[in-house]
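Enquirer: So you can see what is in the structure, the chains are spelled out below.
Number of protein chains: 2
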Amino acid sequence: MTSSTPVFRRLALIGIGLIGGSIARVARRDGIAGEIVISTRRRETLDRAAELGLGDAYTADMAEAVSGADCVIVSVPVGASGAVAAAIAGSLKPGAIVSDVGSVKSDVVRQMQPHLPAHVHFVPAHPVAGTEHSGPDAGFPELFRNRWCILTPPPGTDPAAVDTLARFWRACGSKVEFMTPEHHDMVLAITSHIPHLIAYNIVGTAAHLEQVTASEVIKFSAGGFRDFTRIAASDPTMWRDVFLHNKEAVLEMLGRFIEDLFALQRSIRFGDGDALFELFTKTRAIRRGIIDVGQDTAAPDFGRQTAEKQG
Amino acid sequence: MTSSTPVFRRLALIGIGLIGGSIARVARRDGIAGEIVISTRRRETLDRAAELGLGDAYTADMAEAVSGADCVIVSVPVGASGAVAAAIAGSLKPGAIVSDVGSVKSDVVRQMQPHLPAHVHFVPAHPVAGTEHSGPDAGFPELFRNRWCILTPPPGTDPAAVDTLARFWRACGSKVEFMTPEHHDMVLAITSHIPHLIAYNIVGTAAHLEQVTASEVIKFSAGGFRDFTRIAASDPTMWRDVFLHNKEAVLEMLGRFIEDLFALQRSIRFGDGDALFELFTKTRAIRRGIIDVGQDTAAPDFGRQTAEKQG
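Respectively, the protein sequence lines represent chains A and B.
Going by my numbering, the first sequence opens with residue 241, and the numbers climb by one from there.
Going by my numbering, the second sequence opens with residue 241, and the numbers climb by one from there.
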């Protein structure tokens, strides 16, 4: 999709990892932003972004980066959101849209909102997309295609600003949904945070066994384990912050998961085959639902055979 | 790889689902078996195998299928292994190799061995390969390529018979490893059975929430959840039997998993970011190991983007 008029004349990206780097690539390729200014804390990341030609201007000074921008998108680990908001607050242009891409929303609102001046529009967002790779090299322009972007504007936010940001994300390929931050955090706890937590956990368990060696775990991983290692290879800083900043929802959902796991454990211990069969049959329907709405491929093994043949 | 001489003159396959159907396809394509006789309990599955042209002869009578066979491979849910052994025992040719493909080995040995006559060679096997699809249509000849097949011959098994079966699996594309049934069951509990159990469990938990609807779970599954649904779409009968028949090893590994999960829960509750970061960093190394030994693709998201573009 190529926009004839850019959605934003000047877009400032604070943080240029997988998400920021993908926004830069699609915005530039499809003319969604007139000019892209990139800022990030680490000098070598900024230099790499410049080498890759992701933007039009690069600066380590966040305040400088946002001055004159129509939209500022903060793509940093959620624990750093408050500090970024404080650093840019004084340089924001009146009427600018300030947004983020954090996987947690209530806490990001709590961190950022107090710093932001009344003359900007704060529209938190979360594109539900990603891969296990991180850094500016990992981004690609199709990352958001056919994926949902959830906007959680605080009550009273200017509808025109919300609309403009939604238009931006649709131009990036996303489908847009609206929620309260609290509901978002609950939905993502079960669809993303708990899956990551248990993936990290089982990989950790496997690494610490006395009965089975790490090299055996690696060799025989095709029986299922390898799927979990992909998720457990995700960015450690990002995920540490997700768990620290979505604590309540994660603990709530984790409690449910553990309760159900104990019921399953009991079914195995007492040989209740019917209970196992019933659960294992129900779960197939959810998979079909995900494929039907285009959120995953129906190819066996995620089409890995195809990827391997090409690789 | 095309063998000039078939490894087996006549191969009998009991059960013709994903695994049996894949053996049939590769054995026929590469001339690894001279003649393939297929037998399965359900009439419609047998008819479908015939329609697909997977073998040279088809019969619902297992005893008839194995008579004259140099090798019999039983590919049924592990709970049915004993009954199959009992049904075929009287018709096995002296010197024949009897094997299986079950994901559990100690219990399969316990079930099958008492029935088998002394004049056959019993060499249990487990090809560590599969997809979430099942049935004769799901098989494909490359399923075993670059995957491990674990043989667990009981002490005293004729080395020539073990060697012949190993040669068969290598001709099918597998790498071959040897273990005791007990060690196999422990290795597979952590690399395959527990991953399946927790995948089934989280999909079940998600399906039963009051705070988040099933349609939201499906819509926003790209944040990680969808990876688990693939595994949780695996054949319910097969997996029910795995958990019922590898109970001790599964409960042992599940205990370890839960213990570690409680430690993680505690780190989240008390905001111990360093403990989280340390775990999330260590788990990346295991992923790298799996990619380095060629047991998974390094393409982001398992190369799904590629699969989607082609699909």
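In short, the hints are calculated from the structure, not lab data.
Since this is a predicted model, take the numbers as computed values, not measurements.
Hints should not be assumed to be uniformly reliable.
Same chains, same label: a pair holds when it works inside one copy or across any pair of copies.
Unchecked claim - For lysine-lysine, the following DSS-like pairs were computed, each having C-alpha atoms within a straight-line distance of at most 25 Å:
no. : residue 1 : residue 2
1   : Lys487    : Lys459
2   : Lys487    : Lys333
3   : Lys459    : Lys522
4   : Lys415    : Lys333
Enquirer: Quick one: Lys459 to Lys522, C-alpha cut-off 25 Å, is that within a copy, between copies, both, or neither?
Expert: For Lys459 and Lys522, the Cα distance is within 25 Å only across copies (18 Å; inside one copy 31 Å).
Enquirer: At most 25 Å between CA atoms: does that hold for Lys415 and Lys333 within a copy, between copies, both, or neither?
Expert: Intra 28 Å, inter 63 Å, cutoff 25 Å: neither.
Enquirer: From the Cα coordinates, with 25 Å as the cut-off, is the pair Lys487 and Lys333 best called within, between, both, or neither?
Expert: neither (34 Å within a copy, 64 Å between copies)
Enquirer: With 25 Å as the alpha-carbon cut-off, assign the pair Lys487 and Lys459 to within, between, both or neither.
Expert: between (35 Å within a copy, 23 Å between copies)
In summary, the structure is inconsistent with hints 2, 4 from the numbered list given earlier, while agreeing with the others.
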